[in-house]
Each structure stands twice: as structure tokens, then as C-alpha cells.
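*Asks:* Sequence:
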Amino acid sequence: MSSGLLSCGKHNALAHGLHRYVGAKYEPWDSQAHRRSNIIYLPASRMFNGVGFSGFQSGSLLSYVRPFPEFSWSQLKSGHVDGILSRASLSSYAESEGEDYTNTQSRTQKTEELTSLSAAANQNPANGEMQGMADAFGISSQAAFGITAVVFFAALIAPIFMQSLGMGVAFKTKALAYVTLLFGFYMAWNIGANDVANAMGTSVGSGALTLRQAVMAAAVLEFAGAFLVGSHVSHTMQKGILVAGVFEGRSSLLFTGMLSSLAAAGTWLQVASYYGWPVSTTHCIIGAMVGFGLVFGGIEAVFWKSLARVVSSWVISPFLGAAVAFVVYKCIRVFVYSAVNPGRAAATAAPILVLIGFTSFTYAAFPLSNIPFIAMMEALACGIVAAASVNYLTRRQLGKLLRDATARSSSTSEGDRSPRLRFNLMKNVEGPTGPNLVIVYTVFGYLQVLSACFMSFAHGANDVANAIGPISAALSILQGAGMSGYMTMPVDVLAWGGFGIVAGLLVWGYRVIATIGKKITELTPTRGFAAEFAAATVVVLASRLGLPISATHTLVGAVMGVGFARGLQSVRVDIVKEIVASWIVTIPVGAFLSVIYAAILRVVIPSIT
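Once you know that position 441 of the sequence shown is 444 in this note's numbering, the rest is easy, because the numbers rise by one and skip nothing.
Zero decoy hints are in this set.
Pair ranges (Cβ atoms, derived):
#1 F376 with W307: 31 to 39 Å
#2 A311 with L231: 31 to 39 Å
#3 V607 with E303: 26 to 34 Å
#4 I603 with A391: 56 to 64 Å
I should point out that these hints are in silico values taken from the structure, not numbers from a laboratory. Where is the CB? At the ideal position from N, CA and C, for every residue including glycine.
With the hints as extra help, turn the sequences into a complete structure.
*Replies:* This is how it looks when you write it as C-alpha cells:
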């Protein structure tokens, strides 16, 4: 993101939002006013052209009178202002429109710009892809092309040096293993392009992280999760969808099925990522395996009960996510926004939320012991440490602003306080202004970054199996080990899957991140945190209870739930319709593509026996 944050002129909605944000006047450029020391001027610039953010007119300026302690433009530009968030977050404050304000014209304009951008990319796909990546990272299109070329060159060369390629085996076996690793990389690449938005999309949309920061953080954490805590043991038949016994004695056919499933799932994920549709990677691979099993193994080759549970998650996941996010966001508005001192209330709520979230997520996703009680105590200890750290850092960074906000709140009469303390989730509460808004957004921005990083690490650890599970199964068949209920995944294959996820995230990840973060509904740090916290809570609880759930569907539902909490008009129905349609066709399309690929591969690939 460039240094400019806001502009006026045709973007008066942003100026109005900033006016409500600081509780001060705004005015156009004035050379005389420019000399006043208590005014900051924000030069216009473009923000994320190519990923769903509007471009601002150059030369327009917006000024506002500071109600806060003075700080210089250089401090604001660097983001080092007594706990105030970075430029990305400050720009999101203006876009927040006072938490309640909605400007239909501004939203329509953004939608039109998104449509025109997609049309331009479709007219010249190669240029569109490189330019989109270049704009997302703030680099030239030539640099974007160079990064892409290096990634795919590495993908072609690296498998040659992998131990899983086979030592001392026939050339045909090595060639088939090489092809298997490439198919797996393709699937992992598309997981990175589509699924990583689950962790980082809301943080980018709210402004807690810039797109570059989100992608860089996710790249490190996704690979670390996949390599360090990845699923070393996995069901070879992926989620119990296929009956392995049906294919006994037909290893060549089963090998073909693994490759066709990877290719089919990867193809549909790539199509979905191109259009910015967040779909479930698990559903993709399941649909592909069902199609292959049904056609080449018959009806008895599919566990239909397992498939029914997957289909039911289409309904369960988004509705649970939306319901919990609705309640979480309303609670934030009631208990934080309605407090006498919203800033102090946010600072107090932060360690409590971290304790709850960190403890439950650690216990459910990464239990440190096989004994439930000990695992719970260890998770609680981790949660306490995390909560104490957040409490210390928050109050250290925001100490001055907290004192200023407290001084302002102390002047409020008792008669004004009483009505604000009434518990009513359905009541529309006016958002805080001035220093309190800075504190609230800063606190929840920190919480968003923390939860996004944790979810990214967990995603790399858990979802990498969708790519490397079939790889390991296919390699096992090539090595003559056959198919067993479980199999150990080689370390180099885990690293290979992690590399594929990072590569997809770098090259195409911005597309779905833009959908999650900006296209469904406008997000701010509080809204983004409510969506992330709700999605993580639902996924963790559902996993422990054995309910069929999709993390992607849950997060999309949570984002919609936050939008519904602000009013039905805050959710872009056309985008939601596209997403839901992509969910419905995921399994059928995956099944169809898998059958087509299997038929082709049976002709192209020689028998392995």
C-alpha cells in the first residue's frame, strides 16, 4: 500500500467517514490552511489496484483538524504513533464510515471498478495476471513475471533431487513418481491460491494487514505448519470416502485414480481462484475421488454416509458461522461500543478473548498430550501466557491514548451512562469517535493479526494432507507397498506440499483474499475480528463434536453474519450468489473432471505392474 491514505473529490464518502472517525471538520485543499501546524494533509494515491480496491485521483488532498496529541506526518507515515496501527489500518478507519454509515454510491462504484478490472484481465490473461500480482505487491509486472517463472522452474527441477523419487528403482517408476509429485504440486499450488484466504482475507479487508504483509506472513506460517506439524499419518483414501478393498489387485487403476483426483481437484480450484470464489479444497478432492470410485469401482466403492455428511456441511457451516459471527459482533457493539469508555473496554476485553481463543484452539488443533486433562491444562497455560502478553503490549502501546480517553470519559454525566449499559443485541449502537475509535480499532487489529497468524499455521498443518495424501498413496503403490488404512508421509513430501501452498499463495492468493476481505461486505478491525473469531470457534467446536464442517464455508458465512449484523443492505447479494453456486457445483464438477482425467491417464500412463 502506498503512503497516501485518503482523497476527496468524488470520494466524499471516505471524507465523511473520516469526519465521523475524528469528530472534526474536513475541508478541501487550501494553500493557506496547509501552513497550519495542527492539520495533516493526506495526498491521494492508488490502493491495491487490481485486487478490488478503488484508485484515487492524484492531486486531491484531504485535511482534518487533530483532536489528539500532536504527531508529525513522518510518524503517521511510518505508523509509529503511540500504538496507532499502520497505514493500512488508518485507511480502513476512513472506510469504516463510523461503523454504521453506509454509502451506496461508493459501494456501487467499487463494484463497477471490480467488474472493469476482471474484464481487462480476461481480454489479456497473461498481462492481467502479471499486472494483478504486481499491483498487489507493489512491484513491476516484469518482477512479477520473474517471480512466477522462478517458482515454476523450481517446481520442475526440485522433484529430481527428492528422496521420494526412488533410489535404485527402474526408470519407468522414477518417471511416474516425478509425474506424481508434479500433480501433487499442482494441487498444493491451488490450495495456496484459494484456501489461504480463510486465514488472511479478513485481516486484509479490515486493514489490519496490507496484502503484502498478509502474504508474506502466511507464506512463512503455512510452510512451517505443513512441514513441522503436518499430518504425518493420514487416511490413504482421504476422509473415508472410498472403499480401498474394492480396488484390491488393481494397483494401476488405483494409481491412475490418485493422479486424476489431484488433477481434477486442482483444475476446479484454479477455476474458482481465477474468479475469486472461495471453495472448499476438501470438497474438491472428495468430489474427484467419488467420481473416480463410482465410475471405475461401482456404487459399492463409495462410503455414501460419509458423502452425505460432507454435503450437509454446505448448510451447517455457513449458517453456524453466520450465527456466531452475528452474536460476536453484536456483543462487541454492546459491551465495547456502549461502554462509558469504549477504548478501555476494548483493552480489557483483548486478553480475555485471547485466553478463550488461544486455549480452545491449542487444545483442539494441537493437543500437547494424549491425556485430555493434561492437554487442557497445557493449553490453558499457553492461553494465559498469550493473554498476559497481549495485555502488556496493548497497554504499553496505547497507554497515552487510554489516559486521554479516560479523561474524556470522566466528564460524561451519570445520566448519560445508564442507558448505554443496557444489554440489547438488536439495538443499533453508535460507534465510538476520536481517541476511543483509534484504541478500539488498534486493539482489535492486533487481535486480528494474532488470530490470522495462528489460523494460517493451523491451515498449513491440517490442509496440506489434501494434496500430499494422494501423493503418498500413489508413491506407495509405485513402490509396491499397496494400500493400507494408514501410511506415513515422507518428510520431503511434506516440505513439497508446503512449498506448493506458498507458491500458489504468492502468485494467485490475492484473488480470493480480495473476495473474502472486500467483496462480500465492508470490513473493519472489529468486524474482521468478529468473523475470524466466530469461524475459528465454530471449526474447533465442530471438530471436537464430530460435526461435518468446512472452514471455508464457515468463514464466508461468518463474514456474511457480520454484514447482516449491520443490516441486510450491507451484504452484496450478487457476490454471495456466485459463491454459493460455486459450492454447489464443486463436488459434481470434481467428479466429472476426475472421470475425464482418469480415462485419459489410463491411455497415456503405462501399467505399473
